[in-house]
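K.L.:
Letter by letter, the chains look like this.
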Amino acid sequence: MTYLRRRLLFYLIAFWASITLNFLIPRLMPGNAAEDLMMRMHGKVSPYALKALESEFGLAQHTSLLTQYGQYLVALAHGNFGVSITYFPTPVIVVIEQALPWTLGLIGVATVISFALGTLIGIWVAWHRASRWDRFTVPAAMFTSAFPYFWLALIFLYVFGFLFHWFPLAQAYSSSLPPALTVPSIIDIVYHAILPAFTIVIASLGGWILSMRNNMIPSLQEDYIQLARAAGIKDRIIMYQYAARNALLPNLTGFAMALGFIVAGAILTEIVFSYPGLGFLLFQAASNQDYPLLQALLLIISVAVLLANLIVDLLYGRLDPRANRSGG
Amino acid sequence: MTETTDIPGNDLELLRTMRSRNNQSWHAFIRNRTGMTGMLIFLLFVALAILAPWIAPGNPSAITMNILIPPNSHYLLGTTAEGQSVLMQTIWGTRSTLLVGLSAGALATLLSIIIGVGGAYSGGLVDDVATLFSNIFIVIPGIPLMIVLTTYLHHAGVGAMILVIAFTGWPFGARVLRSQTLSLRSRDFVRAARLSGEGTWGVVRRELFPNMLSLIIANLLGTIMYAIGAEVSLQFLGLGNINTVSWGTMLYWASNYQALLNGAWWWIIPPGVCIGLIGGALALVNRSIDEISNPQLAMSGRSKKRRLRRKLA
Numbered sequence: 001m002t003y004l005r006r007r008l009l010f011y012l013i014a015f016w017a018s019i020t021l022n023f024l025i026p027r028l029m030p031g032n033a034a035e036d037l038m039m040r041m042h043g044k045v046s047p048y049a050l051k052a053l054e055s056e057f058g059l060a061q062h063t064s065l066l067t068q069y070g071q072y073l074v075a076l077a078h079g080n081f082g083v084s085i086t087y088f089p090t091p092v093i094v095v096i097e098q099a100l101p102w103t104l105g106l107i108g109v110a111t112v113i114s115f116a117l118g119t120l121i122g123i124w125v126a127w128h129r130a131s132r133w134d135r136f137t138v139p140a141a142m143f144t145s146a147f148p149y150f151w152l153a154l155i156f157l158y159v160f161g162f163l164f165h166w167f168p169l170a171q172a173y174s175s176s177l178p179p180a181l182t183v184p185s186i187i188d189i190v191y192h193a194i195l196p197a198f199t200i201v202i203a204s205l206g207g208w209i210l211s212m213r214n215n216m217i218p219s220l221q222e223d224y225i226q227l228a229r230a231a232g233i234k235d236r237i238i239m240y241q242y243a244a245r246n247a248l249l250p251n252l253t254g255f256a257m258a259l260g261f262i263v264a265g266a267i268l269t270e271i272v273f274s275y276p277g278l279g280f281l282l283f284q285a286a287s288n289q290d291y292p293l294l295q296a297l298l299l300i301i302s303v304a305v306l307l308a309n310l311i312v313d314l315l316y317g318r319l320d321p322r323a324n325r326s327g328g
Numbered sequence: 001m002t003e004t005t006d007i008p009g010n011d012l013e014l015l016r017t018m019r020s021r022n023n024q025s026w027h028a029f030i031r032n033r034t035g036m037t038g039m040l041i042f043l044l045f046v047a048l049a050i051l052a053p054w055i056a057p058g059n060p061s062a063i064t065m066n067i068l069i070p071p072n073s074h075y076l077l078g079t080t081a082e083g084q085s086v087l088m089q090t091i092w093g094t095r096s097t098l099l100v101g102l103s104a105g106a107l108a109t110l111l112s113i114i115i116g117v118g119g120a121y122s123g124g125l126v127d128d129v130a131t132l133f134s135n136i137f138i139v140i141p142g143i144p145l146m147i148v149l150t151t152y153l154h155h156a157g158v159g160a161m162i163l164v165i166a167f168t169g170w171p172f173g174a175r176v177l178r179s180q181t182l183s184l185r186s187r188d189f190v191r192a193a194r195l196s197g198e199g200t201w202g203v204v205r206r207e208l209f210p211n212m213l214s215l216i217i218a219n220l221l222g223t224i225m226y227a228i229g230a231e232v233s234l235q236f237l238g239l240g241n242i243n244t245v246s247w248g249t250m251l252y253w254a255s256n257y258q259a260l261l262n263g264a265w266w267w268i269i270p271p272g273v274c275i276g277l278i279g280g281a282l283a284l285v286n287r288s289i290d291e292i293s294n295p296q297l298a299m300s301g302r303s304k305k306r307r308l309r310r311k312l313a
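Those protein sequences? They're chains U and Y, same order as listed. Per the numbering used here, the very first residue in the first sequence carries number 1; after that it's consecutive. Per the numbering used here, the very first residue in the second sequence carries number 1; after that it's consecutive.
These are computed hints drawn from the structure, not numbers from a lab. The beta carbon of each residue, even a glycine, is placed where N, CA and C say it ideally should be. There could be a bad hint or two in this list.
From the structure, some residues in chain U lie toward chain Y, with a derived Cβ separation under 10 Å [stated by the list, open to error]:
#1 Pro26
#2 Ile155
#3 Ile202
#4 Val263
Kindly generate the complete structure, drawing on both the sequences and the hints.
P.N.:
As structure tokens, then:
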């Protein structure tokens, strides 16, 4: 099997696994969360909606687990995640559709900035290893990545929002200026996104710096680097085009692990800033025990992370021809 | 069962050098300033957790009339909106955070060892399934899963929290330990021990573990860091027991009472700084382990440079 096919097969299995996990969690957890929910919804919902909730949580005892699984898959295929309790009677899928762009924009931009910046700094300190800058950067990177994202968010919010009044304290746009594709609205949205994005960049930067430095140092010891030096090639070219190119590949494979942490941190950052994305929605769903919304969010976030990993893997296959050959 | 002395002299020699190298690593660690600094900071927090009733006697949740008092000579770190001493809560909070962090970290590492080492050592289908499982759990994001699980548990207690964190914290370690096991499994001394009739458990215990110890410890420290971060996050969201005193619940109450908008920075700073210090300390220890097993990464590149210069000359 080629690299590409193997990876695609893996992501298909992982996709199936996260769907199935999502199906099993409400049925395996102790307690009767779903029954509590039904009690709360009684009288507020039409009998038809109650029936739908029932089948969603496997309360209808007369159907076997396998039948329930089948019904669950059919509902998923139709994009039917049930009705949100928090935003009753809005369907879960509509609630999620409204939040998704905010999260994608915030995490996407912040992750790209953090990866690019961290990689560049990592290259630079590896090149100037044991210099004063290196001695400062390594411990600094270790300590900044040790702080929880949400705590940094609280501090930045206090300093730059509350004390200095540089940035807004919450939300993704001014209530007087609904989001639209106009210049003032876009400026307003960017202005609201700066502080949360800054938090995510600062909190995740250290990890990229350290891993790039660790990959870059062995790559600087390679014979071809010494040859290039002996040949009198400019430092800048050796640094970026010879060493960094090869050191970047292992950094990409660490992406899966890192992305999980960034998503986790970004969720908590959104909550601190009341940023109307998936993380804030997840928090609301958890606080209100809105199980349909909660489950759908878990699934959407898992699938989004899977897709991001798939893209990185495809990119890796492009960048490193060896990946396609090995294990063929 | 045959003893290890039966293995050919050559391998015995190798075994001895590997064991003594382990010993040397230990000495190298004690001499390593980075690692010892980290270790000392970490042990300081462990001592704080154990000695809390003696250092800060009394009930850390006791409500008083002295609300939101900035740090002064009586309340060194000020008070909360319910008049509790922030210093006292920070000291007592160390207990629950470390308890969950250490237990969940240890449990997750145990799972990593069973799945990673067990899978790789068994090989074949068992290994394939174990690897697939680890890889799937690596890409499923942990915090959302934990939030969903703890919501179903309704204010999860300490035990439930430990289980939930361990359940999401094992896959990366399993992957790392698996690849180390695979490379050790094909070494001569392990093969020799197996051929000499040593049982599976004997080989794993006597031949594999001594050579994986530094990796297992590094993985344990990393997992403890992850577990502390997860515990604090879940408590901050109010998904654990909000009436216990921990760093996470301190931050939960602080944001519930809008501490920052009331200017009560002293309520927010201490728990965060403590988390950062523990995380940084564990990272320092891990780094020194890294440096000892992979000297290239060390900060003092001087000897290396000299060698390089000699080579080029």
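K.L.:
Decide, hint by hint, whether the structure agrees.
P.N.:
Right, here's what the structure says about each hint:
Because the beta carbon of Pro26 of chain U sits about 7 Å from the nearest beta carbon in chain Y, less than 10 Å, this interface hint is met. Because the beta carbon of Ile155 of chain U sits about 7 Å from the nearest beta carbon in chain Y, less than 10 Å, this interface hint is met. With a least beta-carbon distance of about 13 Å to chain Y, the hint placing Ile202 of chain U at the interface is violated under the 10 Å criterion. The criterion of a C-beta within 10 Å of any C-beta in chain Y is met by Val263 of chain U, whose closest approach is roughly 5 Å, and the hint holds.
Comparing the model with each numbered hint stated earlier shows that hint 3 is the single one that does not hold.
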